[in-house]
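Peer 1: Assemble the dimeric complex from its two separately framed chains, guided by the hints.
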Amino acid sequence: MVATAEPLEQAHPIETEDPHEHLMLDPRPRGEMNSMVMDGMQTTSWKFWVVAGFLGLIVLTCLLISWGYLIAEGLGVAGVNRPSYWGIFLVNTVYWIGISHAGTFVSALLRVMKAEFRRPFTRAAELMTTFGLIQAGISIFLHMGRVWLAYWLFPYPNVRTLWPNFHSPLGWDFLAINTYLMASTMYLFLPLIPDLAMARDRSKGWRKLFYRILSLGFRGTEGEWTHLRTAMTIFAWAIIPVMFSVHTIVAWDFAAATRPGWASTIFGPYFVIGALQSGIAAVGMVVVLVRARMKNMKYFIRPEHLDALGKLMLVVSMIWAYFFFNDYMVQWYGGDKFTQMLLEFHEKGPMGWMWFGMLICNVAIPFLTLWNKKIRRNPAMLFTIGLLINVGMWFERYIIIPVSLTINRMPFTWKLYFPRVEILLSIGTLAFFVLIYLIASRLIPLVPVWEVQEGQVAHGLRKVGKAEVKTVSEIE
Amino acid sequence: MSETKTFLALFADIDPAVEAIDSLREHGVSDDQMNVISGIPLTDRILGRPRVWSNVPRLALGGALAGLLLGTFLAAGITNLYPLKIGGQGLVNGAPTVVLIFEMTMLGLLASTFIGVFLDSTFPSYKPKEYIPEISDGKIAILYSIPEEKESEVGDMLNSLGVQSITSAEKHQL
Chain A
1402 MVATAEPLEQ AHPIETEDPH EHLMLDPRPR GEMNSMVMDG MQTTSWKFWV
1452 VAGFLGLIVL TCLLISWGYL IAEGLGVAGV NRPSYWGIFL VNTVYWIGIS
1502 HAGTFVSALL RVMKAEFRRP FTRAAELMTT FGLIQAGISI FLHMGRVWLA
1552 YWLFPYPNVR TLWPNFHSPL GWDFLAINTY LMASTMYLFL PLIPDLAMAR
1602 DRSKGWRKLF YRILSLGFRG TEGEWTHLRT AMTIFAWAII PVMFSVHTIV
1652 AWDFAAATRP GWASTIFGPY FVIGALQSGI AAVGMVVVLV RARMKNMKYF
1702 IRPEHLDALG KLMLVVSMIW AYFFFNDYMV QWYGGDKFTQ MLLEFHEKGP
1752 MGWMWFGMLI CNVAIPFLTL WNKKIRRNPA MLFTIGLLIN VGMWFERYII
1802 IPVSLTINRM PFTWKLYFPR VEILLSIGTL AFFVLIYLIA SRLIPLVPVW
1852 EVQEGQVAHG LRKVGKAEVK TVSEIE
Chain B
17 MSETKTFLAL FADIDPAVEA IDSLREHGVS DDQMNVISGI PLTDRILGRP
67 RVWSNVPRLA LGGALAGLLL GTFLAAGITN LYPLKIGGQG LVNGAPTVVL
117 IFEMTMLGLL ASTFIGVFLD STFPSYKPKE YIPEISDGKI AILYSIPEEK
167 ESEVGDMLNS LGVQSITSAE KHQL
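Going line by line, the protein sequences match chains A and B.
Final position of the first sequence in the numbering used here is 1877; the numbers increase by one with none missing.
Final position of the second sequence in the numbering used here is 190; the numbers increase by one with none missing.
This is chain B alone, in the form it adopts within the complex (with noise of 0.2 Å):
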């Protein structure tokens, strides 16, 4: 069985690495092989690739309902535990509820987004990784795996369509 490389293509513009993110499907590479690094976002539309699933969402929304858990703790809860009784005011009122409800459902909201970001991007990571440092200079790279004896033909289907460098995806210290 052989052995399986994995390679990093660069490109300077967005159209030939789009035609490069087909032309490996066709030569076999599967889009879970593939990896595309920018320095700007560029969408699955844009890129033709499958969509990719965050949970960001849903952790916001988990969040938000924590959130609003405790501001009611903190609104009406706090008031049942230490009742003090003034002037026959109720002990739990609606208005300032609403606030402290609202407050705390936003501060879940948003908490839980960033951590959110944090936990579906394994950040922070600085174990050494595969990059190069022209992505951020607004290049674009094709991370890609492939059987070592394909490595020519994908190379010259790759310089075809004007891959400014292909080099062997080695991890370095970001």
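Just chain A, with the same shape it has in the complex (with noise of 0.2 Å):
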């Protein structure tokens, strides 16, 4: 018998693209989005500064006090010890450069990639990133102790002529973490330029002056927009392999020595995939912030971009579970007899419960709920989420530093480390992060409004047979 196939009752609907679910296909005049960024920076809440005073508190106690009680009693008030001598100091700098990855990501990666759906938050992924780094190196200050001596890194001939040996790769972190600060502030600069040329536009008094002088006197001629877009197609294309460089070499600074857990050939990528993990989770709980609290931001921050983050959010997550994978089969397979115990360590010993807090935060969450697009599209959803991928991704620091630590070849310096200090100066720097990304939030337009407003030009809609749909030219 052969089967006929049953004509439909009715023909489908015509599919159209939601205009108002989409940002480039919802313009607006230009004016009218730069006064709602304007607005948006410049309407202050009382509950604005009662934050800012706490977290301006938070910073003064712990950080700036508990640092200078670090500085006066010497690093002995401090946890680290024989054999964990890094302890919270170094979790916190690798966790904070691994935030400072989105920045780059978003803007850099997915510019080259033209993924659209960027184009609203760039900026706020880009400040990220330069704020990230100076936590971290803020944390390597902390770590110094004797922090007036810190020149001591710097290349220069010392009393005994010896010049500092850039064969170690501490001195390499030192120089990628530099090219990488320097590059990602100029980087975050470059395509400013336009929207501090619009605040000026449209400011009095002491902001007026304020951009006036960071605009530089820009107007958008012909000649300045090549010239800013030709730097802007360089920075996105150089600025990624430096990306990569950066964290696999603070990998190394664990990978290049011998000890149990640390030994091993992929924590290049299984870092650099770290970092991308905690730090687009990051940029998810920031965009979802700036949308809920910042006037006039849902316009711009929809739940399109949200979903967005998600689906990045899990595909990294994939690929963090594929590395962890990797990278545990082959010690767990090796036969080492120090790194077993280190394995058992991890999994029964006292910080056990970290190391399933990581699984659980890093893996079990993101798979089980970010593929589902209402939980994507959900802004609190997402937020938590974010928070808990990033608690997972410390705690993932915390094991491989001074928990690792603590099982080495010499059996008889084993010691848990416990933080003291650390913890206050974890919190501080903590707080001066969200502090200086409060302040910049009022002062810097975070959505880079010409850059929407290019995005809105270059998408229409086209009818494809039954369908229209969504296309994007080429204006680039």
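If you anchor each label on the Cβ, the simulated ranges turn out as follows:
hint : chain 1 : residue 1 : chain 2 : residue 2 : range
1    : A       : LEU1426   : B       : SER176    : 24 to 34 Å
2    : B       : THR88     : A       : ILE1641   : 21 to 31 Å
3    : B       : GLN180    : A       : LEU1862   : 25 to 35 Å
4    : B       : SER176    : A       : THR1634   : 33 to 43 Å
List time: in silico BS3-like cross-link candidates among lysine-lysine, alpha-carbon distance up to 27 Å:
hint : chain 1 : residue 1 : chain 2 : residue 2
5    : A       : LYS1609   : B       : LYS145
6    : A       : LYS1609   : B       : LYS187
7    : A       : LYS1605   : B       : LYS187
8    : A       : LYS1609   : B       : LYS143
What the hints contain is simulated information worked out from the structure, not anything from laboratory work.
Just so you know, even glycine gets a beta-carbon here, dropped at the ideal spot from N, CA and C.
Peer 2: Structure below.
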């Protein structure tokens, strides 16, 4: 018997993209978008000042006073001691460098890939890069103890006419982090110039002077745009390998040693993907907060953007899980006695809860939730998942550094690390990050308005058969 | 000989501005007597204008080369200037040298790209300039210079194309 297809009772309804769903298909006059961004920047409620004041107080007590205490009393007041000399100081350094990767990933990699959803939140992510690197730098200075001797890190001939040895991964780290900090700050500033000029045209008083100085006299002539666009293209391509190099070199700080748990050939990419894991989750959190707390931001940051970030978080989580298992598998299979003991210590030792917490936060939660479109588009859910991923990634760094340092090839040194003043300092650096981000949100246009308008000019609807689909022209 | 005057014609959209550029050419205004100022980047392809040459890529390459040399000096030069022999290890080692050279080359490339924008655009420049704030609100301005006697003829032409305003281009403090 030959089956015949029953004719449809009615034709498919005409499928049309909802213009209000997509920022790029819902344009508003540029002047209106400028006003919305400026309004969001200049409207501060009393709650903002309360939060800023509270954060300032935390920075004062947890960061500045605690740091003063650490300097006055010496590193003995911290929990770092044999065999865990690095402690939370380096956990935080690695964590903040990881956070900084998101800005470059979102802004550079997605720009190169022409991912259009990036447009409204590139700057929010770029700010995280610069401010995250500042926290990473502070964490290193905190760990120095005698911070006034920091200049010993610079390549100058000291009294013994010896130059610092660049053959150490720590020396590469110094260069890589500084290169990345400078490059990401420049990359933050270049696309900001036209928006600063816009802010200059719409400001009065001290703000006018502030934006006038920072906008450098930008008008938007053909030449200025050409030079700016050329530079941004070079930056977008060149900063990507720098981003990869930074966290790879951070990974080599560990992997170049022969310690159990650290001597791994895949630590470089494993660290890079870990950085993206925490960084993109942090971008998701920041985007949700900016959308919820800043005036007019719901127009610019829509569920479609949260959805895209949620998908990125899920994909990166899968890659992280792959690298984690790859690293675990080879070490477990290798059969080295001390490595076996360390792996067992990770899972069954006193910090086992952290090891399982890491896997739950980094793998189970994203896998079980982010496949769902409704969850991805829900701001509260995305924020919570982002927060949990960040907790999981901080746990991961804690397990790699102080927990792994506990078990080594000299059993007489085995001792579990307990942080002391480092806890306050960690809270202080976190508060400092949030505080400078809050202040920046009132001074810098967080949405690159010219990039949004450029995208809206390029986008349109095109009829394909019975459907109207979103299209984008190559106007760049 | 008649005096040349500079005007700033403001358009709301790209299409009439592009038509105006073509018409200005027909009225004897050469490309170097015009400049387009806009709130978003409009390529020469869109505007039908000659390509603007940028020195930024060449400066970037120069910076990358300088960075490469500095990286080589840090990795290989210093160890030879202040040799410190350790356990039979070579003074200059391949892999660390590659890392240093890479970082310094990229730093040189990116820093010179950044500086290149400043040099090519003559930033910072706080002198008064021909500009009106409506441009950053999305309007497109054509800055053009014409002989005085052509003022009304060109004005009529631009009005027919839907120009929003034509003002004598005066320099203002931005």
